[in-house]
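Enquirer: Based on the provided sequences and hints, a complete structural model is requested.
2 protein chains.
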Amino acid sequence: MSYQNWLFVGVGAGLVSVAVALYLFYWVKKQNAGSERAREVARWIREGASSYLKKLYTSLGLVAVILAFIIALVFSFNLGDLGSSQITVNSGEGLRVAITFIFGAICSAVAGYLGMSVAVEANVRSATAAEKSLNQAFRVAFYAGSVMGLAMVGLAVIGMSTIYLATGDPELILGFSFGASTLALLAKAGGGIYTKTADIAADLVGKVEIGIPEDDPRNPAVVADNVGDNVGDVAGMGADIFDSYVASTVAAIMLGAALPNQSDSRYVVFPLILCALGIIASLIGIQFVRVGKNGKPGVALNNGTVITAVIYALMVTALVLFGGYDKGALWATLVGLVTGVIIGFTSDYFTSDNHKPVQETAKVSGSGSAINIITGYSYGLISIVPCVIGIVVATLLSYYLCQASGTLSGVYGIGISAVGMLAISGMIVSADAYGPIVDNARGIAEMSGMDHEVIERADVLDSAGNTAKAITKGFSISAAALTVLALFASYAETIESTGFALNLSLRDPIVIAGVFLGAMTPPLFSALTMLAVTHNAFDMIEEIRRQFREKPGILAGKELPDYNTCVGLAAQGALKSLVLPAFIAVGLPLLVGFLLGPNALGGFLGGSIFTGIVLALLMSNAGGLWDNAKKYIESGTFGGPGSEAHKAAVVGDTVGDPFKDTAGPSINTLITVMSLVSTLFAPVIAAFHLF
Amino acid sequence: MSYQNWLFVGVGAGLVSVAVALYLFYWVKKQNAGSERAREVARWIREGASSYLKKLYTSLGLVAVILAFIIALVFSFNLGDLGSSQITVNSGEGLRVAITFIFGAICSAVAGYLGMSVAVEANVRSATAAEKSLNQAFRVAFYAGSVMGLAMVGLAVIGMSTIYLATGDPELILGFSFGASTLALLAKAGGGIYTKTADIAADLVGKVEIGIPEDDPRNPAVVADNVGDNVGDVAGMGADIFDSYVASTVAAIMLGAALPNQSDSRYVVFPLILCALGIIASLIGIQFVRVGKNGKPGVALNNGTVITAVIYALMVTALVLFGGYDKGALWATLVGLVTGVIIGFTSDYFTSDNHKPVQETAKVSGSGSAINIITGYSYGLISIVPCVIGIVVATLLSYYLCQASGTLSGVYGIGISAVGMLAISGMIVSADAYGPIVDNARGIAEMSGMDHEVIERADVLDSAGNTAKAITKGFSISAAALTVLALFASYAETIESTGFALNLSLRDPIVIAGVFLGAMTPPLFSALTMLAVTHNAFDMIEEIRRQFREKPGILAGKELPDYNTCVGLAAQGALKSLVLPAFIAVGLPLLVGFLLGPNALGGFLGGSIFTGIVLALLMSNAGGLWDNAKKYIESGTFGGPGSEAHKAAVVGDTVGDPFKDTAGPSINTLITVMSLVSTLFAPVIAAFHLF
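First to last, the protein sequences are chains A and B.
Everything in the first sequence is counted per this note's numbering, starting at -13 for the first residue and increasing by one.
Everything in the second sequence is counted per this note's numbering, starting at -13 for the first residue and increasing by one.
Since the hints were derived computationally from the structure, they do not count as laboratory data.
Mixed in with the good hints there might be a few duds.
If chains are identical, the list can't say which one is meant, so a pair holds when it fits in one copy or spans any two.
Using 25 Å as the maximum straight-line C-alpha spacing, the simulated SDA-like pairs for lysine to any residue come out as follows [said to hold, decoys possible]: (1) LYS193 / GLU545; (2) LYS193 / GLY625; (3) LYS349 / GLU529; (4) LYS349 / ARG531; (5) LYS537 / ASP494; (6) LYS633 / VAL194; (7) LYS342 / LEU510; (8) LYS342 / HIS521; (9) LYS193 / LYS562; (10) LYS193 / GLY628; (11) LYS40 / LEU576; (12) LYS118 / LYS282; (13) LYS40 / VAL96; (14) LYS342 / LEU561; (15) LYS342 / VAL565.
Expert: If you want it as structure tokens, here you go:
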């Protein structure tokens, strides 16, 4: 089969994927939406969520248009005329890049919007189904999650394949990826700020000050809290993997295009074929995710992931052996896939209550919250070690195995291993998006006064979601690491293709300066998003207190609180807080590049990758660890709920909230966006820079 | 004056410095040691401290002898015969390197021991002097601090100058530096674990559980807590700057020796001349540290630093202009000096209660300890930014200004700027060591029941000490950054001098792998030392509770608690916890080098520098910020002592304790030791490595 035909297979797989997603959406909507009370609660959440998304997409649309305009302008100049005569770049394609940029942003937005829409429909239906059986509730939640997973990979592959079919120009796919990632970053960071603002404010006034339970409808922030779970965890979270998915494919395509001695473009198209096979494997794997009568939902989700991975591995092996591809490409794919799964399960060690880190943290909580925090933070630091070793091994193996093949370059191997990891994102995202849906189902069951038995079932579903989430996080961070390493390599290739003699030696002071500046960027970005959370939560706490004070009927249960004010506060606060982080992601790399030159910018990207990965692992794992240490104590150990140890663990959990849901997961996307913008503007920077 | 004569000036300045230190020691001992009660309290602390130091130095002596033996063995082979024939190294000097290694370790130990000894004599005398006047108490404490500062720089300069006079071989000074730094690292980390174990345990049982004040003699851990202030903050802290002081000088000497086209060794000796001038400037500057009748001790300390810096700058300018040195060397010195002072005062912004970070953190404390911690942590992350920019500017300026001179290399400029910063360490350490002495004086005043007025005076002295400490920390971290960059350069020079073609490009996967492995090392090291604190504190809390339970007479004030058990627990725990961190510092770089080769080891050093500096800044500044946010609330704002905000701020302060006093300050020394061991073993690694 010629490589061109494979592109049609990709488009076909993408269309099937989107079609299945739409069918499942339709199926979910057909399910019983429950009692009048439950419908009302669900309506509040749905309206809050869509009002936020409208505001978000309006702002982001504006940002996208401005960026597209700049891109169109910059890339319309013939740089060869203006800059150094030695440097030649493609010019005059400004409009085309701008259009693909907008196209990427729209695909990312549609996938997120679809995921959100189905999530807010699914949560109430999953809760209602839980009145009948665990199995039925699980199906509703998981299929709803699959809508997000399948729509995402489908749209991504359709977008990339059609662009390549139409133009054959990898740089245009880069524009697509940049659009998708920029939108994803803002959706992720904004959603992360929104969700934790509402969560912390609702908990601190509701649970701590007033003493009403979680998800109590008397709490004015309870709707904002539930909206937050959707905009932060569903719409935002999917973006986390989506942007790595597209970016890794683009990086591999560009590295493939840079391979010497190619008779055809088979290695350029190879990453897209991997994506297509990953979609097919995911579509099959999803069928196997079923919970028996007394089955365990967590096991079902993990089985789905493993089955998908195995089917995918078999298909890639067949492709390489019978398609006449070099075996190095197969090794790189398998290295990525295996490493991704292993690292995923490793992070489970640090965040699951079956192992020492969580248990030890829970145990020392009896000595106060400070000791809980120091211990959890320290284990978070240690959790960096196995993941980094995994990333190092994957990098070295994929590089040298691919290089040893003779026809392929080592960096192409790194790119392929990232794609190999991310190709099964359809399944991974489905399992991940399931989590916040059942979390919300539990909230709705509580708010609409369902039976205790239903809430217990929802708890079982929720706990499975947490495990799936922990595994996905380890997976997505390691995938992002390989992706940005591949992007880093294609940045270097792009700079050199202009004729600039790139020097990234750590002995050059300008490279060292770049690395230091890059190294401080992820910490700065994290700090800004976390300060946004505490700042906005502080405002919302005042608003909740005001409502309780001015309307005593709320606490008595005679009067409905004003949910909308809190929803609006969270939305406004989140959007306003995005300005500076957005500048850091897009503007800072360009500033470094134009001021200090391509060598410094290369160092900058390297530095941001190193501290970015370290910080992302620390924050995600420490956050998950604190969360589960609290739940472990709530399960009755070390004094159980209400004990001093429990109070200490609640503080740790609250510290971990913005770690794991705001700052931590945005860092991946941050470093991806910085790498993409640098690679896209590389030819311009090579032509114009101050030093 | 010939360069040889300057070495004698160095030795002379060193001897004068040590002599003045001994005189001041004698002067301090002559002061009134106070009432019988105060003498008794001081005796407990002195005995606890010397029992810990004896144990520490016994263990460290053993470690030093083993390492010396290995060094003697390894460097006695003629590597040219065994390894690749292309690689030539100096061989047969094993014994000489081993002896200088032991010499360095002894100098470091003597300086620390002297500092400790005078500190435990001075605290009670400063408290007693505070009964008469603030001025007199300040003098006792500051002169005692100067004993440490002057002894340290004196011994260092004597050691380095005599080795160079006797042998003319920079590699032997490297051995001296490695010995000094290894001892410093273990003293620092051990002291940091000791002091926070005792501090946290004493506070959690005493202040939180039982409700007795800080420094109450009924608390069985109170002596261990006060001993900890001495072994952690005095003996350990001085080591922090001492090892940078020696290491920066060695790095500059080695880079000077690698300069091409030298008629004499003037640029090899230049760093030692800078040290000698720095000592002279410090000796003069110390005279100006005086508090008038109603003067402020903080102002007096800062004045001393500024006057010393100005005198030093004038002397260096004269030296370069009239000594026929290249002006590039002057610029590099001044760049280092100015940057050090600026960064020092910048960190004051993040940790002083006159500015937004501390005030904002104090303000949000009303919403609970989690919000306090998230806010403080975020500002800690932001505090990285100005310091990193300062380091970057200093690196680039010193490199390019020195390179532009024509005769000097750029990396020599970086080395000189580090020495330029650290040459006035005599004054800096004096001001820093003053802090824990007055802190202890306050404790003794409380424990021996002195007047309220005396305790208030001690508080004023203590607060000045905290500001001095914050400035010193910023100073020492930025100095360490330049030092390790210079060491990094001399590692590269050493590897290349063996004929190995070093490649440190970030495009090489083995370098990337090294950087990732290096990047995870400071987090791992920090986690191990902090877990040691919580682990040991947990044991000590049990012991304190046991004593209160079994001897009710203690709380009634009728029976003395058993102080010694707590002192012993803290000491044993700290020493046992050092094994793994010590392996990481010395063994891990060698492991990476011998397994993955010189390129990976270069990456490893780079990675450890990048995350090490970022983490050290975060931990030191966040810790100081939480401490002062608590004190700000205690001064009566946002509810004052006993309020909910205060309780929240106490949790933040406790989290910050191991950040700023255990993990944070050890990281500098960790990366210095790793750079030194790599440079020392560089010729061997170049000859033997697996990949």
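Enquirer: I'd like to know which numbered hints this structure contradicts. Please list them from smallest to largest.
Expert: Violated hints: 5, 9 and 11; rest satisfied.
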